[in-house]
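When you number the sequence shown by our numbering, it's gap-free, plus one each residue, and the end is 532.
Just so you know, the hints here were simulated from the structure itself, not pulled from any lab data.
One should not assume that every hint holds.
Claimed, not checked - Quick list of in silico lysine-lysine cross-link-like pairs, DSS-like style, CA-CA up to 27 Å:
#1 LYS463 - LYS503
#2 LYS457 - LYS370
#3 LYS463 - LYS382
#4 LYS370 - LYS463
#5 LYS461 - LYS370
#6 LYS370 - LYS382
#7 LYS382 - LYS461
#8 LYS457 - LYS382
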Amino acid sequence: MLRHLAILAGAIAISIAFSLVLFQRILHPGIWNMLLLTFIQLELFMYLGNRFFKSVDPDAPGAIRKTIIRLVLFYFTVLLIASALFLALFAWHFWRGGAPFSEFIPSLMHAELRSFLTAAGIGFALGALFFFYTQWADTVKRMQKLKEEKLIFQYETLKTQVNPHFLFNSLNTLSSLVSSNPALSDKFIHKLSAVTATCWRIKRKTSFRWLPKWNL
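Whenever a hint applies, use it, and build me the whole structure from the sequences.
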């Protein structure tokens with residue numbers, strides 16, 4: 317329901333923008349037809365976009381090539397559907413007006429085609445911007461997810477290494493080095509401090525609610 321309301325709001329905004337560009341005013345005789353046509357097209361195009369791009373795996377080989385091909389096919393399909401809806405709506409209004417059929421093509425070419433092409437061009441430009449924005453947003457999300465997974469892996473790796481047995485053995489080793497080799501024991505302390513600091517630094521970076529608590 318919320319999705320359809322969002323599409324309706326988008327259709328209203330687009331219809332207002334097109335009305336200002338094409339007719340220099342919001343209210344005009346064709347505003348309701350424009351709104352209805354825009355809403356239907358947005359519903360169809362959102363559905364088609366989901367069907368065209370949902371199965372594309374961005375991490376698979378040749379994903380960019382597949383995405384470009386599907387984008388071209390998507391725009392071609394959108395253009396065909398938009399043209400069919402436009403012609404059907406124009407033919408219905410033409411028939412209601414009672415004009416002779418011989419005037420159909422001239423009336424279409426001189427009165428309506430320019431408006432349709434302008435609206436289609438603006439719609440395609442906005443659609444391209446929206447598409448590339450969503451692709452960029454998905455890329456950012458994937459990179460963030462990979463970064464989190466890397467930190468979690470480091471966390472779990474160090475967690476298995478720095479455990480009570482590790483600390484116990486390290487302290488035993490240190491106690492034996494203090495008396496026998498003070499210089500080496502000092503280096504050992506620095507190394508152990510570095511490992512511990514690294515562990516806590518990674519733990520702070522991966523302080524997500526769903527991470528298990530580290531109890532030493």
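Here is what the structure says about each hint:
no. : hint            : result
1   : LYS463 - LYS503 : violated (32 Å)
2   : LYS457 - LYS370 : holds (16 Å)
3   : LYS463 - LYS382 : holds (26 Å)
4   : LYS370 - LYS463 : holds (24 Å)
5   : LYS461 - LYS370 : holds (19 Å)
6   : LYS370 - LYS382 : holds (12 Å)
7   : LYS382 - LYS461 : holds (23 Å)
8   : LYS457 - LYS382 : holds (21 Å)
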